[in-house]
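Trainee: Respectively, the protein sequence lines represent chains G and C. Per our numbering, the very first residue in the first sequence carries number 5; after that it's consecutive. Per our numbering, the very first residue in the second sequence carries number 18; after that it's consecutive.
Each hint should be verified, as a subset may be incorrect.
Some chain C residues judged to face chain G by a derived CB distance under 8 Å, without partners named [to be verified]:
no., residue
1, Tyr46
2, Gly68
3, Lys72
4, Tyr91
5, Gly101
6, Phe123
Each computed DSS-like pair below joins lysine-lysine, with the alpha-carbon atoms no more than 30 Å apart [as the list claims (entries may be wrong)]:
no., chain 1, residue 1, chain 2, residue 2
7, C, Lys84, C, Lys72
8, G, Lys61, G, Lys21
9, G, Lys21, C, Lys76
10, G, Lys15, G, Lys61
11, C, Lys72, C, Lys43
12, G, Lys61, C, Lys54
13, C, Lys67, G, Lys61
14, C, Lys76, C, Lys54
15, C, Lys76, C, Lys43
16, C, Lys67, C, Lys54
17, C, Lys76, G, Lys61
18, C, Lys54, C, Lys43
19, C, Lys85, C, Lys72
20, G, Lys61, G, Lys19
21, G, Lys15, C, Lys54
Label pairs and their computed distance ranges (CB to CB) [stated by the list, open to error]:
no., chain 1, residue 1, chain 2, residue 2, range
22, G, Glu18, C, Gln125, 25 to 33 Å
23, C, Ala94, G, Gln87, 42 to 50 Å
24, G, Thr34, C, Tyr91, 30 to 38 Å
25, C, Asp34, G, Arg85, 45 to 53 Å
26, G, Ser66, C, Ser23, 30 to 38 Å
27, C, Val60, G, Val78, 19 to 27 Å
If you are wondering where the hints come from, they were derived from the structure by calculation, not from laboratory data. Yeah, the Cβ is synthetic: ideal placement off N, Cα and C, and Gly gets one too.
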Amino acid sequence: GAGVSQSPSNKVTEKGKDVELRCDPISGHTALYWYRQSLGQGLEFLIYFQGNSAPDKSGLPSDRFSAERTGGSVSTLTIQRTQQEDSAVYLCASSLQGTGTYEQYFGPGTRLTVT
Amino acid sequence: QQPVQSPQAVILREGEDAVINCSSSKALYSVHWYRQKHGEAPVFLMILLKGGEQKGHEKISASFNEKKQQSSLYLTASQLSYSGTYFCGTPATLRAGGTSYGKLTFGQGTILTVHP
Chain G
5 GAGVSQSPSN KVTEKGKDVE LRCDPISGHT ALYWYRQSLG QGLEFLIYFQ GNSAPDKSGL
65 PSDRFSAERT GGSVSTLTIQ RTQQEDSAVY LCASSLQGTG TYEQYFGPGT RLTVT
Chain C
18 QQPVQSPQAV ILREGEDAVI NCSSSKALYS VHWYRQKHGE APVFLMILLK GGEQKGHEKI
78 SASFNEKKQQ SSLYLTASQL SYSGTYFCGT PATLRAGGTS YGKLTFGQGT ILTVHP
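Pulled out of the complex, with its shape left as it was, chain G reads as follows (with noise of 0.2 Å):
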């Protein structure tokens, strides 16, 4: 079946513009995660969704960041007035329930470079 999918796969931004990065989760998943990982770094979490709801945001590096999930599928992660610092891989995960029971499935991730 199909995995998880993220778009862009690639993004270059200037300073100090926005961005919007998609998420499609794996279909019947009702949690859904939001990580980053800078170059040759492991995995930092950033927010993370059940259902439509985001009970734990406290990854979120600053206020310039924000996330929505709608109709409890797509997610969109928002970074407003990026700076050099936001250039990292931002990976998507799902589960089918958001216990720390059950598998993550990653996305292939947005790899976004602010110039």
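Following the hints, position chain C against chain G.
Mentor: Just chain C now, with coordinates in the frame of chain G:
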């Protein structure tokens, strides 16, 4: 708190074995293992749960010591396809002694390279 993985890197010849360790300073209810190849997304390998239940890759084995708050991933008779960066991830807990949810805190990764 980020779990700590060891070693940071391993180089093997095909057919050799390796063990990757993951230690946490907090109580664990489960441990996740993922492998990421260069330029690709992480891929699920295994979840180890309290009580000994495991879910995941049939060719990979792992252990989970709840008391020591440690997990180990055992890669035996390694193949070239095993090369990549291995991450352990520990779920967050809603409250002390409570249930876990899927926000994963990942270790820093272990780079495994298998040569012919």
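Trainee: Each of the hints needs a verdict: does it hold here or not?
Mentor: Hint check:
no.	hint	result
1	Tyr46	holds (6 Å)
2	Gly68	violated (11 Å)
3	Lys72	holds (7 Å)
4	Tyr91	violated (19 Å)
5	Gly101	violated (13 Å)
6	Phe123	holds (4 Å)
7	Lys84/C <-> Lys72/C	holds (20 Å)
8	Lys61/G <-> Lys21/G	holds (22 Å)
9	Lys21/G <-> Lys76/C	violated (46 Å)
10	Lys15/G <-> Lys61/G	holds (23 Å)
11	Lys72/C <-> Lys43/C	holds (22 Å)
12	Lys61/G <-> Lys54/C	holds (28 Å)
13	Lys67/C <-> Lys61/G	holds (27 Å)
14	Lys76/C <-> Lys54/C	holds (18 Å)
15	Lys76/C <-> Lys43/C	holds (29 Å)
16	Lys67/C <-> Lys54/C	holds (28 Å)
17	Lys76/C <-> Lys61/G	violated (36 Å)
18	Lys54/C <-> Lys43/C	holds (28 Å)
19	Lys85/C <-> Lys72/C	holds (21 Å)
20	Lys61/G <-> Lys19/G	holds (24 Å)
21	Lys15/G <-> Lys54/C	holds (21 Å)
22	Glu18/G <-> Gln125/C: 25 to 33 Å	holds (32 Å)
23	Ala94/C <-> Gln87/G: 42 to 50 Å	holds (47 Å)
24	Thr34/G <-> Tyr91/C: 30 to 38 Å	holds (32 Å)
25	Asp34/C <-> Arg85/G: 45 to 53 Å	holds (50 Å)
26	Ser66/G <-> Ser23/C: 30 to 38 Å	holds (33 Å)
27	Val60/C <-> Val78/G: 19 to 27 Å	holds (23 Å)
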